[in-house]
Amino acid sequence: MTLHVAYGDNCKVRIWDVADKQCLAQLAGHKSIVTDVRFVKSDAYIVSASFDKTIKIWNAQTATCERTLTGHADSITTCDVSPDGRYIVSGSLDMTLRLWDWASGRDNCKVRIWDVADKQCLAQLAGHKSIVTDVRFVKSDAYIVSASFDKTIKIWNAQTATCERTLTGHADSITTCDVSPDGRYIVSGSLDMTLRLWDWASGECLSVVKKHARYIKAVKFSVDGRYIASAGLDRRVYLWDVKILAYSKNVSHVRCIEAHDDAILAMDMQRPNVLVTVSRDQSVKLWDYMTGHCIYGISLSPAWACTVAFGFDGELFAVGCFDNSVHVFRTKTGERVRLIKVLNMGVLTVKFPSQHYDFILCGSSEGFVQKIPL
Numbered sequence: 001m002t003l004h005v006a007y008g009d010n011c012k013v014r015i016w017d018v019a020d021k022q023c024l025a026q027l028a029g030h031k032s033i034v035t036d037v038r039f040v041k042s043d044a045y046i047v048s049a050s051f052d053k054t055i056k057i058w059n060a061q062t063a064t065c066e067r068t069l070t071g072h073a074d075s076i077t078t079c080d081v082s083p084d085g086r087y088i089v090s091g092s093l094d095m096t097l098r099l100w101d102w103a104s105g106r107d108n109c110k111v112r113i114w115d116v117a118d119k120q121c122l123a124q125l126a127g128h129k130s131i132v133t134d135v136r137f138v139k140s141d142a143y144i145v146s147a148s149f150d151k152t153i154k155i156w157n158a159q160t161a162t163c164e165r166t167l168t169g170h171a172d173s174i175t176t177c178d179v180s181p182d183g184r185y186i187v188s189g190s191l192d193m194t195l196r197l198w199d200w201a202s203g204e205c206l207s208v209v210k211k212h213a214r215y216i217k218a219v220k221f222s223v224d225g226r227y228i229a230s231a232g233l234d235r236r237v238y239l240w241d242v243k244i245l246a247y248s249k250n251v252s253h254v255r256c257i258e259a260h261d262d263a264i265l266a267m268d269m270q271r272p273n274v275l276v277t278v279s280r281d282q283s284v285k286l287w288d289y290m291t292g293h294c295i296y297g298i299s300l301s302p303a304w305a306c307t308v309a310f311g312f313d314g315e316l317f318a319v320g321c322f323d324n325s326v327h328v329f330r331t332k333t334g335e336r337v338r339l340i341k342v343l344n345m346g347v348l349t350v351k352f353p354s355q356h357y358d359f360i361l362c363g364s365s366e367g368f369v370q371k372i373p374l
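FYI, in full-length UniProt numbering the residues of the sequence shown are 1 to 374.
Accuracy of the hints is not assured; some may be wrong.
As a list, the in silico DSSO-like pairs of lysine-lysine whose alpha-carbon atoms are at most 30 Å apart [to be verified]:
| hint | residue 1 | residue 2 |
| --- | --- | --- |
| 1 | K217 | K332 |
| 2 | K220 | K332 |
| 3 | K129 | K151 |
| 4 | K151 | K41 |
Source of the hints: derived by calculation from the structure; they are not laboratory data. In this text, all values refer to a predicted model and were calculated from it rather than measured experimentally.
Could you put the whole structure together from the sequences, leaning on the hints where they help?
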């Protein structure tokens, strides 16, 4: 059984069985858009974040909400869960980043670490002056990287709850960031239309590149860490060699792909040399990013997608659309394995489990999280 999760604009998350086209569970409880969702703890639990200012922890087997984390003063835009499942980190329009203990039940508009047993606030992480747009755990959960509309990236020590370094240089809001698989580099994209590569150890900006004609929507390291892809509203994907960005004064891109007829909204990368992009031009395209060859294109008309994600081994990828649909495709052939129509929801994010295709999660703009068997 292959599962997929989808979420969007109807305050629910649904879990679907791809093969049977059956909704296994509908997780209702959020009161606004679900902005992020993911499987954790060997897929036994689901974590969802919402514009209703809460994070919810769901039991994936019983489809019940076991805990609601409250405290953000404004909508939650992004979240991540540490690989060991001990912590949740969230970013919000209230300009704060928060670190939660898995079993903690509350917070208070700052980044706080809670002791599970005592329900005691151990630490508070505050420092960003505007919306937190991206957060992620790195280096075996020892650190957290956050990006913000305040034009900075911050590196936090997750154990001491202190900001160890603030990376400055962008002239406008940072929209996206990623960390290399080996933890040596951070890449960021901004409304200033530049891509920056940062050295993790020193915080030095190793490279500033301005090739995009409009702002950058997504940046991504390749699975092997050798390349970076950047995509944005100028409809292009640029491929960059990390070593050239890090060590050369004469930086040039490896490849420019004229990818779409409208803005690129999301992308993902997988082995070997595979890139998937979705756009407002109502298409999804699969690329060999080394050659720039379009392996195939798929029309989603009249819908257009805002999110895309590969499965754990790249065999499948899922696309979530604003017309309340989730499409699951076989990467090798482009064959659509499933088309899932979800009532009264625009799908804003999709996630596969970490080690299988039994189901998929989707999150909606109306606040639902759904677990869908594949």
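Evaluation of the provided hints:
{"no.": "1", "hint": "K217 x K332", "result": "26 Å, holds"}
{"no.": "2", "hint": "K220 x K332", "result": "21 Å, holds"}
{"no.": "3", "hint": "K129 x K151", "result": "9 Å, holds"}
{"no.": "4", "hint": "K151 x K41", "result": "33 Å, violated"}
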